[in-house]
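Chain V is already provided as a structure; the job is to place chain B on it using the hints.
Residue numbers (our numbering), protein chains in the order written: chain V, 1 to 193; chain B, 1 to 378.
No lab work stands behind these hints: they were computed from the structure.
Note that CB positions come from ideal geometry on N, CA and C, so glycine has one too.
Be aware that one or more of the hints could be misleading.
[Unchecked claim] Which chain V residues stay away from chain B? Per the calculated CB distances, all over 12 Å, these:
#	residue
1	F11
2	I13
3	R14
4	F15
5	R17
6	V27
7	I28
8	F35
9	F153
10	I156
11	K158
12	L162
[Said to hold, decoys possible] Distance ranges between label pairs, derived from CB positions:
#	chain 1	residue 1	chain 2	residue 2	range
13	B	K32	V	I125	24 to 30 Å
14	B	F62	V	I8	16 to 22 Å
15	B	F369	V	L152	47 to 53 Å
16	V	I147	B	E27	29 to 35 Å
17	V	L43	B	E246	47 to 53 Å
18	B	T236	V	L43	48 to 54 Å
19	V	Y21	B	E28	33 to 39 Å
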Amino acid sequence: MHPFYLAIDPFLIRFYRITGYAAVDVVIGTIVLAFLALTIGELTAAVALRFLRGRTEKYSESASKYQDLAMDALKAGNKEAYTAANRLANDDFGHAFFQQIALSASSLWPVFFALAWMQYRFLAIEFPIPGTRLSIGFIGFFIIIYIIAFFLFKRIKKGLSLLTGLKQSGAPDQLRAGAFGDSRCRRLGSPVE
Amino acid sequence: MILGLILIVAVAAGLLASEPCLAGKLEEAIAKTPTGTGPGQINPEAPKGFMGIPGGPNPFWFWGVLWGVWVGWIFSTVGAFGGIMAGVGHITVFGLADYGKSFKTTSPTLNKLLTDSIRTSNQYLVGLSALISSVTYYRMGRLVLPLGLALALGGIAGAYLIPWLTAGKIELSSYVGYFGLIVLIIGCFLFYDTTPKGQAKKKEAKAAAKAFEESVKTRGTSAADSGVKVTSFSFTKVTFTFFGVEFSFNPLWPFVGGFVIAAISAFIGVGGGFLYVPFLTSVTNLPMYIVAGTSALAVFVSMITSIFTFMFVKGTPIDFFFIGAELVGIFAGSILGPYTSKYIPEIWLKRLFVLLAVYVGVGYATKGFMGHSIFPGM
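So that you can see chain V by itself, here it is in the shape it has in the complex (with noise of 0.2 Å):
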């Protein structure tokens, strides 16, 4: 076991051995790895925002207002003007693009610390899934627990702000939900269809 492991090892293997059932407590501590690898995934996506939130408007704008000029100008027939203006919003939708995924790593490197962890212990072990004959392995456990979590930590941060009467920086959040100004195209409509 790498030394790292070796001293955080007691900490974390102590959520697994709480009730002495092992079902249950291989969900109990496994939502607690969960839990922490979203906590800390959170603050180093906050650093990450507090340092790139400028330059992620930029380019999000930027392609927000092409794509509207290129919207005005397909209904305006003006053709040359829209490939033009479309083809701007597009290298400004590949930088935004290629940032989230760098600013994606800030919220996802601890769940590869806590695979990591779990590869030690669980390494061996299967997972059945009720009423079938198929099982997964600790890889497949965890991402199925980290979801829960992942919403279950969204509606607690929710919960928290509501009742601290605090706004939401929603610093991480947007991330998530990106940046992509106030184009027209967002306002008018829902999102998806």
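Relative to the frame of chain V, chain B by itself:
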């Protein structure tokens, strides 16, 4: 309901593609490999390294952070080339390809398993991060469902068929060769952007857009003609309106495009998501917003397929600690990028990456197909 159907198909493809006996395959391959300490041999007493193989490479985690900084810096400055560099790290910098190549004659099965593992490591690093981005753009973008459906189904077919057809069958040297060819193709596109012709096209586009912006006033748009409305659908033509303007496309093209792009991504381990937007724009000439939201759906679906495949991997060690270290580096590099870009113009960065693309592409292609690289260090 249709979105749910797409997800069910993606999950089913993942389940079918899962290989619960991967650990068994690895153990069997190790058992059949000659024991010893020379190249192409395994010393059972050696500490476990990559993939849990005794004596396998065990790169120091901090080199992963440093390489991740380089990858993240590229993502936040130029963009696409970052994924390529992630692959270069796994193949060359951390010695995984040379290690795998040593088993070409002594243990071909192990050689091919190592190829698959390198592909998977590339996908973990770049692909999972793209998942968050795709959810972002799906929520903010406009979606043309028939277009997204065609793209996603092509993507699922490519993402499922290629691993099924090639898993365990591709030699490391062939993989490195094809990786080099893809890098050269991407380098050609980057090179075009830096040529006077490529630069002139962008200047013309800016001038045309500015001229139009100054010549018209933005009019309000009635609610009646906003949003995406599919007006007709058939297997050869789909017609829809967006902002009251009519567009049409043949669903065959996005299906084929989705298949090819997903196949390249599944085979090489990089690319995919970022190729959908320029593909859709050049083939269909659709507005960016529609292309962004629709292609994000396709990326999302292919990610779900891949994730479900990973979920059924059991008993095969993967170096998650190292991948986590690389992601920390990507996080740091992505913060560094905007600060350095104030001092280094984008066009010079692109020229640098063109040189790198030629070096890596020619180096890998010659190494893979000729047995040795004509450039040192590959």
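Violations among the numbered hints: Violated hints: none; all satisfied.
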